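There are 2 protein chains.
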Amino acid sequence: MYKPKINTAISSILDKIIGEMKNKFLIDYYSEMKDYFLAGGKRIRPLLTIAAYNGITNTTEDKIVVPSVGIEFLHNATLIHDDIIDKDDFRRGKPAFHYKFALYHSKYQFKKMNAADFGTSIGIIGGDTAFIVGSTAYFNKYFSMELNLNSIRYYRQAFTEVIHGVLIEIDMVNQKKLSIDEYINMISLKTGALIEKSLLIGASYAKFEKEYTPHLSTYGVNLGIIFQIIDDILGTFGDEKVTGKPTDGDIREGKHTCLLIEAMNNLDVKKKKYLVNLLSKSEMSEEEVNEVRDLFKEADAINSCKKLASKYYEEASDALEKLKPVVNESEIEFFENLLKFVLERKF
Amino acid sequence: MYKPKINTAISSILDKIIGEMKNKFLIDYYSEMKDYFLAGGKRIRPLLTIAAYNGITNTTEDKIVVPSVGIEFLHNATLIHDDIIDKDDFRRGKPAFHYKFALYHSKYQFKKMNAADFGTSIGIIGGDTAFIVGSTAYFNKYFSMELNLNSIRYYRQAFTEVIHGVLIEIDMVNQKKLSIDEYINMISLKTGALIEKSLLIGASYAKFEKEYTPHLSTYGVNLGIIFQIIDDILGTFGDEKVTGKPTDGDIREGKHTCLLIEAMNNLDVKKKKYLVNLLSKSEMSEEEVNEVRDLFKEADAINSCKKLASKYYEEASDALEKLKPVVNESEIEFFENLLKFVLERKF
Numbered sequence: 000m001y002k003p004k005i006n007t008a009i010s011s012i013l014d015k016i017i018g019e020m021k022n023k024f025l026i027d028y029y030s031e032m033k034d035y036f037l038a039g040g041k042r043i044r045p046l047l048t049i050a051a052y053n054g055i056t057n058t059t060e061d062k063i064v065v066p067s068v069g070i071e072f073l074h075n076a077t078l079i080h081d082d083i084i085d086k087d088d089f090r091r092g093k094p095a096f097h098y099k100f101a102l103y104h105s106k107y108q109f110k111k112m113n114a115a116d117f118g119t120s121i122g123i124i125g126g127d128t129a130f131i132v133g134s135t136a137y138f139n140k141y142f143s144m145e146l147n148l149n150s151i152r153y154y155r156q157a158f159t160e161v162i163h164g165v166l167i168e169i170d171m172v173n174q175k176k177l178s179i180d181e182y183i184n185m186i187s188l189k190t191g192a193l194i195e196k197s198l199l200i201g202a203s204y205a206k207f208e209k210e211y212t213p214h215l216s217t218y219g220v221n222l223g224i225i226f227q228i229i230d231d232i233l234g235t236f237g238d239e240k241v242t243g244k245p246t247d248g249d250i251r252e253g254k255h256t257c258l259l260i261e262a263m264n265n266l267d268v269k270k271k272k273y274l275v276n277l278l279s280k281s282e283m284s285e286e287e288v289n290e291v292r293d294l295f296k297e298a299d300a301i302n303s304c305k306k307l308a309s310k311y312y313e314e315a316s317d318a319l320e321k322l323k324p325v326v327n328e329s330e331i332e333f334f335e336n337l338l339k340f341v342l343e344r345k346f
Numbered sequence: 000m001y002k003p004k005i006n007t008a009i010s011s012i013l014d015k016i017i018g019e020m021k022n023k024f025l026i027d028y029y030s031e032m033k034d035y036f037l038a039g040g041k042r043i044r045p046l047l048t049i050a051a052y053n054g055i056t057n058t059t060e061d062k063i064v065v066p067s068v069g070i071e072f073l074h075n076a077t078l079i080h081d082d083i084i085d086k087d088d089f090r091r092g093k094p095a096f097h098y099k100f101a102l103y104h105s106k107y108q109f110k111k112m113n114a115a116d117f118g119t120s121i122g123i124i125g126g127d128t129a130f131i132v133g134s135t136a137y138f139n140k141y142f143s144m145e146l147n148l149n150s151i152r153y154y155r156q157a158f159t160e161v162i163h164g165v166l167i168e169i170d171m172v173n174q175k176k177l178s179i180d181e182y183i184n185m186i187s188l189k190t191g192a193l194i195e196k197s198l199l200i201g202a203s204y205a206k207f208e209k210e211y212t213p214h215l216s217t218y219g220v221n222l223g224i225i226f227q228i229i230d231d232i233l234g235t236f237g238d239e240k241v242t243g244k245p246t247d248g249d250i251r252e253g254k255h256t257c258l259l260i261e262a263m264n265n266l267d268v269k270k271k272k273y274l275v276n277l278l279s280k281s282e283m284s285e286e287e288v289n290e291v292r293d294l295f296k297e298a299d300a301i302n303s304c305k306k307l308a309s310k311y312y313e314e315a316s317d318a319l320e321k322l323k324p325v326v327n328e329s330e331i332e333f334f335e336n337l338l339k340f341v342l343e344r345k346f
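Protein chains in written order, with numbering that gives the first Met the number 0: chain X, 0 to 346; chain V, 0 to 346.
Simulated from the structure, these hints should not be mistaken for laboratory data. This structure is a prediction, so every number in the text was calculated from the model and none was measured. Heads up, some of the hints might be wrong.
In this list, chains with the same sequence are indistinguishable; a pair is considered to hold if it fits within one copy or across any two.
When the alpha-carbon atoms are kept at most 25 Å apart in a straight line, the in silico DSS-like pairs for lysine-lysine are as follows [what the hints assert, rightly or not]:
hint: 1; residue 1: Lys33; residue 2: Lys296
hint: 2; residue 1: Lys86; residue 2: Lys106
hint: 3; residue 1: Lys140; residue 2: Lys206
hint: 4; residue 1: Lys106; residue 2: Lys176
hint: 5; residue 1: Lys175; residue 2: Lys296
hint: 6; residue 1: Lys106; residue 2: Lys254
hint: 7; residue 1: Lys269; residue 2: Lys240
hint: 8; residue 1: Lys106; residue 2: Lys280
hint: 9; residue 1: Lys21; residue 2: Lys175
hint: 10; residue 1: Lys93; residue 2: Lys305
hint: 11; residue 1: Lys345; residue 2: Lys106
hint: 12; residue 1: Lys140; residue 2: Lys33
hint: 13; residue 1: Lys4; residue 2: Lys41
hint: 14; residue 1: Lys15; residue 2: Lys339
hint: 15; residue 1: Lys254; residue 2: Lys175
hint: 16; residue 1: Lys269; residue 2: Lys254
hint: 17; residue 1: Lys23; residue 2: Lys254
hint: 18; residue 1: Lys140; residue 2: Lys2
hint: 19; residue 1: Lys33; residue 2: Lys4
hint: 20; residue 1: Lys271; residue 2: Lys2
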């Protein structure tokens, strides 16, 4: 029900900027960005902000819609930079932001740069822009300066935590050592932080009681952790046609996924060694990727990961239970359904 | 006199973050960033914020030092991303931020990524981090929430304008059309904005009278324009040993510098055609670079550019004149000297 309003808020922010631009390329740039932002997305983060706000204030006011899209811009900022880092030209079957501009490059008659470099350059700046545009959501006249500043603080914190998560992930890929604690820390930051801050921003605007905030945080971070664990499973064992993502990427990139960590825990020394040996290759054949996949199966890694996810599911459910006295029933239900959906999703 | 205090403020902000980190890589990451930030820099932007504040309030309080370093972080954020875009591994003879991490990569035993990709990835995130860390400068307890929020607004605006400048520049490189107006607009955004906002942030904290603010803006933007015009000249005709920058980069990259635009204005049709032809090559020999340089000389492009810079110098001087009734003499003098220095600098 809120999704069209969220999309309208995203459009309006970008349309306003486009309207102010005089330079033709900047108009094209922001138009491509609008296109990219509106091409898809479940808008989970804005919906969480709105649900937190409505659930706490017991209202259904529209004034929270604009602030709710801030984190969605930030989310997209991280996707834009991630796709450059991971060299992914497509995301869910659609061109990545930087790749849109590699394609745009063909419009030029005079090609001093090559298309790929042009795309990367615009993509680096594109992430910066998305981040900066998102913060406009908190210069909001319907809320006090203090509440807006509070949100900006959360927004900064969210970006910082995502950055730390991505940095730890890049470092981990080059480390031989695997640790489930480090993995959980990494995904709490990389994926949990944005979800948590979406809720906290909604709660902050609703002037939520401080003593209940930690429960909202637990729910948010754990939702992110579960999302990422399932994402890891789908990233290797999902249906490419449904997820729109190749299922060999994580293995080839040597990502420290939940699957890999659990497999290393469960396999015997000999097979563990064999697995490390496979993963240390700079180029892997399709057969070798399949061998890794088979070792994951042999180690029952999927079930180990699901068990791990269930642990965080229980914690999140408990947190929701504690929020019941101060959050509307219908929003608690929304949070519960989302939690179930994230654990059980196949895409 | 303020430079050591500025460097201390930069160190403190990063030391505080380093102290909070537990992950070894994040500690290394922020330590490398601190190293990079403190390796050099004239601290012009913080000095401008401090001079504006002190000149207006007629005080010499230290509480403006911390907010003054915000734009310096932002400036470094843009340098980090620019060096990736321009593929410059060195800046003033020292490793660029991304290149520091290409080198750091050798520390890993298990190398899943290659060093260059690792460096670029960390560099993309490094620019993001520098931007976000810089904004902490405005969460300042010595100033009111309103004044801090005002600075955050300027900070966002500064980043947006730099981004627009860089985007226009990248677009221009691929355009055949040259225009002095577009060039001035581009450098006002790319270089002028940060200088202007440094002054406006100082003035805002000093609660400067609104009617005088436009003169401060004019001075700041023009200082940036002059800086960039001279930078263009030094970029092709400077002494590499003094500037620490190769003098063929701009020509090879086909940058729309002041020199190129003025040369195209002054040369006859035949030579103009020849110049365009030279520049449209994707690879240029040293001889061809020299031919371009000779055509610039023939067109008396250096003098045309200097004449252009003088026009902006006069405007900036007039603006300072108008600020005399409301800004301390000693700070006006500092602004005047800086203006002269920027016009006459050889490095």
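Numbers of unmet hints, in rising order: 1, 7, 10, 11, 14 and 20
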